[in-house]
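S.K.: Going by the working numbering, the sequence shown wraps up at 485, each residue one higher than the last.
Where hints are given, some of them may not hold.
Mimicking DMTMM-like on lysine to aspartate or glutamate, the simulated pairs with C-alpha atoms at most 20 Å apart in a straight line are [said to hold, decoys possible]: (1) 485 <-> 136; (2) 485 <-> 39; (3) 485 <-> 475.
Just so you know, the hints here were simulated from the structure itself, not pulled from any lab data.
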Amino acid sequence: MNASDTIAAVATAVAPGQGGIAVVRVSGPAAEDVGQAVVHVPGQQDWQSHRVLYGHVLGADGQRRLDEVLLLLMRGPRSFTGEDVVEIHCHGGVIAVQQVLERVLAHPGVRRALPGEFSQRAVLNGRLDLTRAEAISQLVAARSRRAADLAIAGLDGGIQARITTLREQLLDQLTELEARVDFEEDLPPLDGDALLHDLQQVRQALLTLVADGERGETLRSGLRVALVGRPNVGKSSLLNRLSRRERAIVTELPGTTRDLLESEIVLEGVPITLLDTAGIRSTDDAVEQLGIARSEEALATADVVLLVLDGHAGWTAEDAALLARIPEHIPRILVANKADLPAGALPQPVDVQLSALEGTGEEDLVQALLERCGAAGTEGVLLALNERQRDLAATAAAALGRSQEVAAQQLPWDFWTIDLREAISALGEITGEELTEAVLDRVFSRFCIGK
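Throw the hints in and build the complete structure from the sequences for me.
M.R.: In structure tokens:
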């Protein structure tokens with residue numbers, strides 16, 4: 035990346051027939067020149083910062099009108115990136131926005147933006163700290179309101195403020211230690227027990243942030259839940275019940291589901307992808323065999339498996355065989371369906387009794403599902419570090435944990451500073467105060483283009 039380049043990209047979603055408007059964003063030293071060259075603004079409209087201008091994007095011949103647009107000019111540093119920025123608001127869809135982008139990219143010195151490059155420039159120019167930039171990405175990708183709330187908390191500076199506070203506490207301790215290393219004879223004695231206590235309090239706060247982040251990750255990424263069971267035990271009925279719509283065909287014929295059906299739902303703020311699998315059994319039907327093969331794949335990739343039983347028919351050898359097929363490391367919930375009918379023998383303990391037909395037991399199933407995969411109790415999570423941030427917070431906590439061994443061995447103060455510096459550096463990398471170009475590139479490469 036060259037920060038002196040002028041970059042451009044579509045900053046809104048592009049899909050045929052979708053969206054009334056689209057935005058082409060241009061940022062860099064030539065942004066205003068690009069706007070004036072591409073957009074014909076009639077009359078005496080003033081090219082002033084933070085004003086909206088009306089005009090048309092013209093073709094390369096300067097005559098043919100490609101689209102009717104609004105243009106917003108934002109001169110740096112009062113822009114998202116801190117540079118001169120022009121946003122061309124054109125009609126949505128695919129063709130109009132692509133024609134506008136092509137005209138912009140045809141201007142000398144303009145190149146297509148890389149993923150996350152607008153946000154990266156905002157960080158490099160001091161308009162955003164790194165945690166806020168990452169929160170923007172998480173807000174765009176949010177699949178539930180709770181995930182959006184956590185992203186907004188990060189965007190409002192919650193993560194940055196919390197990490198900065200902890201880092202400043204460590205910096206104060208490091209300053210005291212370094213003063214003792216250089217001028218111990220001239221300063222009053224330092225209470226090692228009090229110092230260790232303070233460091234461990236910071237460590238505990240970091241471990242709490244890591245734990246909350248792991249729970250919050252479920253709200254962001256969601257869960258894949260596979261519905262598995264013999265044919266005609268009610269898997270599709272359960273899918274339809276949880277989805278609140280007729281997503282799967284339900285009949286009394288075994289083997290109705292021949293393929294892997296997916297349904298996106300949100301349960302108590304947690305996005306869940308339900309995978310309704312074909313009933314696993316021996317069959318000569320080639321199409322059904324393909325569906326069963328996909329069911330086996332779903333078993334291996336699911337976060338949790340719901341093994342659905344026919345509670346009226348009772349536990350069978352086929353149920354036992356299916357239970358044995360579920361990989362040991364994947365949580366499973368045994369669900370006895372058809373509770374509206376007389377119960378059969380269930381020697382195998384089940385977790386939930388329900389009726390997919392009437393809805394009884396549905397709340398119990400939801401709670402069991404969230405608890406089994408560690409997604410329960412996310413209401414108390416106010417800040418959620420992402421994976422990168424959690425790794426660095428865990429590194430800082432581990433470094434502070436080593437101070438206990440240093441204290442136990444009664445080593446000199448300069449030994450304390452080694453682990454303290456590592457913890458401070460890791461926390462600085464979370465907020466972007468201590469970052470290399472390679473780390474920045476890696477972080478923003480995961481963003482979508484135009485962000």
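S.K.: The structure should be examined with respect to each hint, and the outcome stated for every one.
M.R.: Evaluation of the provided hints:
1. With a C-alpha separation of about 18 Å, the suggested pairing of residue 485 with residue 136 holds against the 20 Å cut-off.
2. For the hint pairing residue 485 with residue 39, the CA-to-CA distance comes to about 16 Å; that is within 20 Å, so the pair holds.
3. At roughly 14 Å between alpha-carbon atoms, residue 485 and residue 475 fall within 20 Å of each other, so this suggested pair holds.
The structure meets every hint from the earlier list without exception.
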